[in-house]
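Protein chains: 2
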Amino acid sequence: MPRTILLIGTLDTKGTEYEYVRDLIRDRGFGTLTMDAGVLGEPGFIPDIPADEVAVAGGGSLAALRERADRGEAVDVMIRGVCRLTPELYEAGRFHGVLALGGGGGTNIAAAAMQTLPVGVPKLMVSTVVSGDVTPYVGVKDVTLMYSAVDIAGLNPLSRRILANAAGAICGMVGQDMPAAKDRPIVAASMFGVTTPCVNNIRERMEKAGYEMLVFHATGSGGRSMEGLIRDGYVAGVADMTTTEWCDEVVGGVLSAGPDRLTAAGEAGIPQVVSCGALDMVNFRAMHTVPEPFRERTLYRHNPNVTLMRTTAGECREIGQRIAENLNKTTGPTVLMLPLKGVSMLDREGEPFHDPEADEALFDALRRHVRPPVELVELDLHINDTAFADAVFERLIALMT
Amino acid sequence: MPRTILLIGTLDTKGTEYEYVRDLIRDRGFGTLTMDAGVLGEPGFIPDIPADEVAVAGGGSLAALRERADRGEAVDVMIRGVCRLTPELYEAGRFHGVLALGGGGGTNIAAAAMQTLPVGVPKLMVSTVVSGDVTPYVGVKDVTLMYSAVDIAGLNPLSRRILANAAGAICGMVGQDMPAAKDRPIVAASMFGVTTPCVNNIRERMEKAGYEMLVFHATGSGGRSMEGLIRDGYVAGVADMTTTEWCDEVVGGVLSAGPDRLTAAGEAGIPQVVSCGALDMVNFRAMHTVPEPFRERTLYRHNPNVTLMRTTAGECREIGQRIAENLNKTTGPTVLMLPLKGVSMLDREGEPFHDPEADEALFDALRRHVRPPVELVELDLHINDTAFADAVFERLIALMT
Chain G
1365 MPRTILLIGT
1375 LDTKGTEYEY
1385 VRDLIRDRGF
1395 GTLTMDAGVL
1405 GEPGFIPDIP
1415 ADEVAVAGGG
1425 SLAALRERAD
1435 RGEAVDVMIR
1445 GVCRLTPELY
1455 EAGRFHGVLA
1465 LGGGGGTNIA
1475 AAAMQTLPVG
1485 VPKLMVSTVV
1495 SGDVTPYVGV
1505 KDVTLMYSAV
1515 DIAGLNPLSR
1525 RILANAAGAI
1535 CGMVGQDMPA
1545 AKDRPIVAAS
1555 MFGVTTPCVN
1565 NIRERMEKAG
1575 YEMLVFHATG
1585 SGGRSMEGLI
1595 RDGYVAGVAD
1605 MTTTEWCDEV
1615 VGGVLSAGPD
1625 RLTAAGEAGI
1635 PQVVSCGALD
1645 MVNFRAMHTV
1655 PEPFRERTLY
1665 RHNPNVTLMR
1675 TTAGECREIG
1685 QRIAENLNKT
1695 TGPTVLMLPL
1705 KGVSMLDREG
1715 EPFHDPEADE
1725 ALFDALRRHV
1735 RPPVELVELD
1745 LHINDTAFAD
1755 AVFERLIALM
1765 T
Chain C
1365 MPRTILLIGT
1375 LDTKGTEYEY
1385 VRDLIRDRGF
1395 GTLTMDAGVL
1405 GEPGFIPDIP
1415 ADEVAVAGGG
1425 SLAALRERAD
1435 RGEAVDVMIR
1445 GVCRLTPELY
1455 EAGRFHGVLA
1465 LGGGGGTNIA
1475 AAAMQTLPVG
1485 VPKLMVSTVV
1495 SGDVTPYVGV
1505 KDVTLMYSAV
1515 DIAGLNPLSR
1525 RILANAAGAI
1535 CGMVGQDMPA
1545 AKDRPIVAAS
1555 MFGVTTPCVN
1565 NIRERMEKAG
1575 YEMLVFHATG
1585 SGGRSMEGLI
1595 RDGYVAGVAD
1605 MTTTEWCDEV
1615 VGGVLSAGPD
1625 RLTAAGEAGI
1635 PQVVSCGALD
1645 MVNFRAMHTV
1655 PEPFRERTLY
1665 RHNPNVTLMR
1675 TTAGECREIG
1685 QRIAENLNKT
1695 TGPTVLMLPL
1705 KGVSMLDREG
1715 EPFHDPEADE
1725 ALFDALRRHV
1735 RPPVELVELD
1745 LHINDTAFAD
1755 AVFERLIALM
1765 T
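Those sequence lines, one after another, are chains G and C.
According to my numbering, the first sequence is numbered sequentially starting from 1365.
According to my numbering, the second sequence is numbered sequentially starting from 1365.
Do not take every clue at face value.
Copies of the same chain are indistinguishable here, so a pair counts whether it falls within one copy or spans any two.
[What the hints assert, rightly or not] When the alpha-carbon atoms are kept at most 20 Å apart in a straight line, the in silico SDA-like pairs for lysine to any residue are as follows:
| id | residue 1 | residue 2 |
| --- | --- | --- |
| 1 | Lys1546 | Gly1496 |
| 2 | Lys1546 | His1733 |
| 3 | Lys1546 | Thr1380 |
| 4 | Lys1705 | Glu1715 |
| 5 | Lys1693 | Pro1451 |
| 6 | Lys1705 | Gly1616 |
| 7 | Lys1705 | Asn1472 |
| 8 | Lys1693 | Asp1624 |
| 9 | Lys1705 | Gly1678 |
| 10 | Lys1693 | Gly1395 |
| 11 | Lys1546 | Gly1457 |
| 12 | Lys1546 | Asp1412 |
| 13 | Lys1572 | Phe1409 |
| 14 | Lys1705 | Val1504 |
| 15 | Lys1572 | Leu1519 |
None of these hints come from the bench; they were simulated from the model.
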C-alpha cells in the first residue's frame, strides 16, 4: 500500500483546490484519503469520508446543521467530528500525514484535527490566516503553517504555485525516511527557576547514565507540551519535579496547565517520579495585574512582569488533594517524593515564602489522599538538596530498567 | 545541476542540526548551499558562504561584531547581510528553495532573508517561536513555519523526526513540478468598502475579457501584498483604484502601507490605471483610540472598531503631491484617473464626508505635480459610477494588449 495523505477540508467551497492537490499527490505515487468538513453545500468531488459521517462523529447530523444554519454551531460539531475521526484513522494505519487548505473557518477545523496526532506525524496547513496569533492553530504540536499569500479561492498562476508547493511538501515529508541512529532514551522533567538546582542535578546524573533529558518550564504551555510528548510515546521516564502549575489551576494564577496535568504518564503507564516543586507559589504578571482579592497576600516581585503569591495552608490542602486524585489514576509505576524541608528556593528559612505550616498542610493532604499503586516516599530534605536529586534519580532509573 | 536548497543559519550554535538536514537533503539528490549567520563562534562545518561574507554584505565585519559583542547590533548587521545576499544568489540561479532552523534570533534573521524572495519560491522556517504573533516572520510572503515542538538544541529522537520532516518538506517542494495549465493573466486591484461598486464593475468586465482579478483590501498589509506580487512578476496589469493608504501614511492613521506604496508597477513597467479611492478618509480603530489632536475633527464611526476621519484640504494637497511623486518615477504605462465628483461612498452630496473643497485640493495637487510619462485623465464622474469603471477598464485593457 502506498503511503497515504489525509486531506481534511470544506470540500463544498474548496472542492476545486482540493482536487488539484489530491491529483498532484497521486501523481507522485502517494495515496489520498479525503474527509469533507463542509456543511452548506455538496462536495466538489465524492470524498472518502463524507460530511455526514463527520457530523455524526461530532454528535450532530448534516441535515440538522443545514436546517439550523448556525455557522458557529456547525463549526463546533465539525471540529468535534474531525477530532474524533482523525486519530482513529491514524491509529488504524489509514494515513501517514495530513494536508489541509483553509481560510478562517477551515483552518480552525483542520488545525484542531491535526493537533490530535502525535508529534512527528507530518501536518501541513495552508492558510490565509497565518498572521496575528497562530498559537491556537499550533497548540503544542508540530503543525506546519504555510501562508497562502492569496485567498484560497480558485486556481490562478499564484494559487497553483502555492498549492503545488504544499502538495510537494507533504509528499516530501511523508516520503522521508529517518536515518538509523542510536538515540538515547528520553527523560522529561519539569523545572522552574526556583527548582533549577534539583533538575540540573538529576540531568547531570541522567546524562551520565545514557539518557537524554528534555526539560520543560512549568509555564502552563510547558507542562502541556511535556504531557503531549509523553502521550505521543517519545518519553521513557518522567521526573516531574515542578508541579507548580497546580497552584495556578486551583487558585487562579496565569500559568495553569489545566485540570489534566499529571495524567499523561499515568495513562501511558510510563515510569514517573513526581514531586512538589514550587507548590508554594501562584504566578501573576506585573504587580498591578494581581487581582484585587489577593492584594493583601504575601506577594513577591520576581521581576517587573512576574509576581509570585505564597499559597496558603488551605490552598495547599486543595492542591495536594487534586494532585493525589490525578496520580491515583495511574496505570504505571508512580512514586511521589515529598521534600519535607521545602519545595522551592523561596520557602527556605529566612526566605519570603518560608511557611512550614503551609508546606505541612500540602504534605498532609498528599499523604491522606494518595493511594496505591502510587508509592509515597518522604525525605527529610529540601527539594534543592543534592541528596534529594540523588534519590529521585535512583528511584527513576530503577523503575526504567 | 541538481536543484539546490539554501540553508541559512547560525552554524556556530546549530552546526550539528544543520549538518543533519544538509546530509538528508543531499541523500535525496538535491544540492545544498550553506550560509553562516552566526557571529560568536566558529561554524560546525565549513559553510559555502562564511559569516564574514554575510557581515561584510551587511555593512560590518565579523571581527568588529565579535569585539563589540552587542547582540542587537550583530543581529541587525547579519539581517542586512542575508537580505542582500539571498536575492542576489537567487537571481543568479544558485538555489531553488530555502530552509532554516532557529530560535528567536535565528528565526528573525532567516525569515527576513526569506521575505526577500518572490512568492512561490519554497521557503521553510523550522522555529521554536511559532506562537504569539508570527506576522513579522511571514510578512506578505509564503514563508512556511514549522513549529519545532522541542528546542533546536541537539539531536534526539524528537528533533531527528521533526528535522527529517523539514528536510523532506523542502525537498518535496523544490522537486515539485507544476502541471501545465492555461492560466488567465492576472489584474490586481485595490478596494475598500466605499469603493466596492467601482472595483466590482471593473472585475466583471475583466473576467468577461479573459482576465483573473485579484482584489486586495487597502488595509496597509493588503496594499503591500499587492505590490509584492507585482514585483514578483505575477501581474499583467493593475487597477489601483483605492490609494487610501496614503492618507494614513501622510496624516498618521493605522492602515499605512509605507512610503513606497504605488512604486511596484512603475518600477516593473507594468500597465497601471490609478485613481483616488477613499482619499477622503484616515483610518483609526475604536473611537477612543483616535489621537487627542484629532478629537474635534469630522469623525465617522464605521463600526465599534473602525473610526474614519475626513481628510482636510491641506492634507489632501500633501497626499496628492506624495502620490504624484511616486507615480512620476514610473517606467511603464501609467494613467491617473480623477473622479471629479467624488472618491468614496462617503463624500457624495449629503454624506458625512462631503467636502468639494478638500476633493478639489486633492485633484489640484495631482494636476500640478504629475508629470509625463504619467497620463492624467479627468472625468466628471463619481468613482462608483458605472461609466467611471468602464473608462478604467477600457484604458487598462488597451494598455495591456
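>> At most 20 Å between CA atoms: does that hold for Lys1546 and His1733 within a copy, between copies, both, or neither?
In response: neither (42 Å within a copy, 71 Å between copies)
>> Reference check for the pair Lys1546 and Asp1412, CA-CA at most 20 Å: within, between, both, or neither?
In response: Classified as neither; 39 Å inside a copy, 29 Å across copies.
> Can you tell me if Lys1572 and Phe1409 fall within 20 Å by alpha carbon in one copy, between copies, both or neither?
Replying inline: neither (57 Å within a copy, 27 Å between copies)
> Can you tell me if Lys1705 and Val1504 fall within 20 Å by alpha carbon in one copy, between copies, both or neither?
Replying inline: neither (34 Å within a copy, 55 Å between copies)
>> Cα distance capped at 20 Å. Does Lys1705 pair with Gly1678 within a copy, between copies, both, or neither?
In response: Intra 19 Å, inter 73 Å, cutoff 20 Å: intra-copy only.
> When no copy is specified for Lys1705 and Gly1616, does a C-alpha distance of 20 Å or less occur within a copy, between copies, both, or neither?
Replying inline: neither (26 Å within a copy, 59 Å between copies)
> Is it within, between, both, or neither for Lys1693 and Gly1395, if the alpha carbons may be no more than 20 Å apart?
Replying inline: For Lys1693 and Gly1395, the Cα distance exceeds 20 Å both inside one copy (40 Å) and across copies (52 Å).
> Which holds for Lys1572 with Leu1519 at a C-alpha limit of 20 Å: within a copy, between copies, both or neither?
Replying inline: Between copies only: 17 Å across, 56 Å inside.
> From the Cα coordinates, with 20 Å as the cut-off, is the pair Lys1705 and Glu1715 best called within, between, both, or neither?
Replying inline: Only inside one copy: Lys1705 and Glu1715 sit 13 Å apart there, 75 Å across copies, limit 20 Å.
>> Checking an output row: Lys1546 and Gly1496, CA cutoff 20 Å. Within, between, both or neither?
In response: So Lys1546 and Gly1496 fail the 20 Å test inside a copy (40 Å) and across (35 Å) alike.
>> Checking an output row: Lys1546 and Gly1457, CA cutoff 20 Å. Within, between, both or neither?
In response: The answer is neither: 26 Å in one copy and 38 Å across copies each exceed 20 Å.
> 20 Å Cα cut-off: does Lys1705 pair with Asn1472 within a copy, between copies, both or neither?
Replying inline: Answer is neither: 47 Å inside a copy and 44 Å across each miss the 20 Å cutoff.
The earlier numbered hints that this structure contradicts are 1, 2, 5, 6, 7, 10, 11, 12, 13, 14.
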